[in-house]
Amino acid sequence: MYYPCELEAYLGGKKLLEIKNLKKSFGSNNVLKDISISVEKGEVVSIIGPSGSGKSTFLRCINYLERPEQGSISFAGVNFKAETVKKENIKYMRENTAMVFQQFNLFKEKTAKENIELGLKKVQKKSKEEASRIAEDLLIKVGLEDKRNHYPAHLSGGQQQRVAIARAVSLAPKIILFDEPTSALDPEMVGMVLEVIRKFVEEGQTMIIVSHEMNFVKEISDKVIFMNDGYVVEQGTPEEIFELSKEERTQQFLKRVNNH
Amino acid sequence: MLNLFDVSTIFEGIPEILKYLPISMEIVIISAFFSLLLGFGLALVKIHNIPVLRMMASIYVSYMRGTPLLVQLYISYYGIPILLEYVNYHFDTDYSISTMPKIIIVLIAFSLNESAYASETIRAAIQSVDKGQIEAALSIGMSYPKAFIHIVMPEALIVAIPSLGNSFISLLKGTSLAFVCAVVEMTAASKLIASRNLRHFEMYIALSIIYWVLTFVFSKIFIYLEKRLKRSERPLEEIAA
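Chains as they are written, first to last, in my numbering: chain A, 1 to 260; chain B, 1 to 241.
To be clear, the hints were calculated from the coordinates, so they are not data collected in a lab.
Quick reminder that beta carbons are idealized off the backbone N, C-alpha and C, glycines included.
It is possible that part of the hints are untrue.
Derived coverage of chain B by chain A (criterion: at least 3 residues anywhere in the stretch with Cβ under 8 angstroms from a Cβ of chain A; other residues may be distant) [said to hold, decoys possible]: (1) 137-151; (2) 223-233.
Residues of chain A placed beyond 10 angstroms of chain B at every Cβ, according to the derived structure [to be verified]: (3) S38; (4) A153; (5) H212; (6) L254.
With the rest of the complex left out, here is chain A (with noise of 0.2 angstroms):
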């Protein structure tokens, strides 16, 4: 099990994002049964663990794309209980965090920077020009300005994914939520997808990671989270789960992973 009161005070700070006690069921089947972690600002934080062990559930809890029946959230400054969230508690969780989904989920009648732009233009309400020189911008970081006026269908898995990163990053959001960027991928285009995130890592960036790019976890990440069937198993930095690890259920899984 896992010591929140320990990590706590080993980790100290300022907390960006603290989620205890989170509760989340699908009719009779519990999917997240006691899940409490936080994040701070500038960290990167991975969940891994088996599938079905809830961990995109408790990402898409985050931005309330699923409904958490119990916990509480404190989030820059602004806390709430799921029992009791109201529709400005959900408004603020999504316009402060991004997520870059499994599947890209591109809106498919626009083109790449139109993909970027929306959101600036119709949340942030920001001017056609600024929009546009911030869609740009991130088109060039992520390597696809001259994809700009292609359409999803004309790009591959891959430079879509970099299309939806960077529609993730242009509203500056407090925390990207990067739901498995790559398990839709061909292995080639994983590369690139994980050179943009490490990019926009190096900037700085606060995220929360669910993945199954083991190598790529244990190098990127400040903190690792080892998630299995709806509990928080144990968490750590990279070196404290992978080599360290004190749990036996986290070392069934890292040997089982390591062995594919």
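Chain A is already provided as a structure; the job is to place chain B on it using the hints.
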């Protein structure tokens, strides 16, 4: 020589009948407009599963699609005056049935009938938009109504256009039934002209040619519209231009 069939009267008849084209088009366009509005409302009720309304919408759609348009026109023709009498009686109003243009009855009947078909098309089109895009829109902080307007609607429209186009064309052909409500549109006009020159066969041939050309033109327009809206499938050069 036998003069049973006179080709020249066909060509003489066409411009005569075309004088009534505006009436036919008025019926089609106004009913299409109201049927879209009502159909959209019905579709939303079904999609969002609103308890009592949903059942009412289902019964309505089933009735409208399960009874002939001609019968519905008769029901409107006799029913609307009765309804007005009741309204006048209970609300102390003074709507006149005799001065009400008959075309209004036709417009109501067509709009109601067409909305049932449109609602199913629109519902299917809205539900065809993949949920992932809606989630993406929500995840960047858009409200659901905004996501609906900026993402769902444009994509649903592309999906719906071919079906709505077909409905529009059926409606255009359906206007030929408006004569039962004493509205003189193209079909009724052909009948009247034929009763004068006794060239019934030629007049109906002329009329059929007009409908045929009209449906051909409109089907081309809808194909063009679909292509135009489907920006993502246009060649790149065109988008950049």
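Beyond 10 angstroms from every chain B Cβ - status for H212(A):
holds (20 angstroms)
Is the nearest CB of chain B more than 10 angstroms from the CB of A153(A)?
violated (5 angstroms)
Counting residues of the region 223-233 of chain B whose CB is closer than 8 angstroms to a CB in chain A, do you get three or more?
holds (count 4)
Whether S38(A) stays farther than 10 angstroms from all C-beta atoms of chain B, as the label says
holds (22 angstroms)
Are there three or more residues in the region 137-151 of chain B whose C-beta lies within less than 8 angstroms of some C-beta in chain A?
holds (count 10)
Just want to verify: L254(A) was marked as not at the interface with chain B; is every Cβ pair farther apart than 10 angstroms?
Check passes; 30 angstroms lies beyond 10 angstroms.
Comparing the model with each earlier hint shows a violation of hint 4 alone; every other hint is respected.
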